[in-house]
Amino acid sequence: MLKRVDATVSENPDGTLRFTYVTVDGPGTVTTQGDVTLDGDGRIAKVALAGTWRTTAKGRLDTGTFASTLELFDYGLPVRVERPTDVVPLDR
Numbered sequence: 543m544l545k546r547v548d549a550t551v552s553e554n555p556d557g558t559l560r561f562t563y564v565t566v567d568g569p570g571t572v573t574t575q576g577d578v579t580l581d582g583d584g585r586i587a588k589v590a591l592a593g594t595w596r597t598t599a600k601g602r603l604d605t606g607t608f609a610s611t612l613e614l615f616d617y618g619l620p621v622r623v624e625r626p627t628d629v630v631p632l633d634r
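When you read off a place in the sequence shown, starting at 1, and then add 542, the result is the number in our numbering.
Simulated from the structure, these hints should not be mistaken for lab results.
All values reported here derive from a predicted model rather than from experimental measurement.
Incorrect hints may have been included.
Per label pair, the in silico range of CB-to-CB distance [what the hints assert, rightly or not]:
1) Val-621 to Thr-597: 31 to 39 Å
2) Glu-624 to Gly-582: 12 to 20 Å
3) Ala-549 to Thr-607: 41 to 49 Å
Simulated pairs of lysine to aspartate or glutamate, DMTMM-like, Cα-Cα distance not exceeding 20 Å [unchecked claim]:
4) Lys-588 to Glu-613
5) Lys-588 to Asp-567
6) Lys-545 to Asp-567
7) Lys-588 to Asp-577
8) Lys-588 to Glu-553
9) Lys-600 to Asp-577
10) Lys-600 to Glu-553
11) Lys-600 to Asp-556
Where a beta carbon is used, it is the ideal one built from N, C-alpha and C, also for glycine.
Let's have the full structure, built from the sequences with the hints guiding it.
See below:
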C-alpha cells in the first residue's frame, strides 16, 4: 500500500520504519505519517499512524486530525471467528 501511494519510507534511529504520504481526493488532501515496528522474526508488530486532513468540499475550509495504532501478535495461532448475534442486515 505504501508503494501505491508513493510514500517516503526511512529508518528511525531505533530501527523502526517511518513513512509519510499525501493523498488528494477532489477538494481534499490527507497527510499521513507513521511508524512500523517489526518483531524478532521480521513481521509487523505495530503500526502507529497519525495525520491531518483538509477539504473545501462544502465551500469552506474544514480540517481535522486522526491517530490510530494497530498491534499484531500471536502469528500462526489458530483463530475462530463467530458472527455476532446482534447483526442487523442492511436493506439495499
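Ascending list of hint numbers which this structure does not respect = Violated: hints 2, 3, 5, 9, 10, 11.
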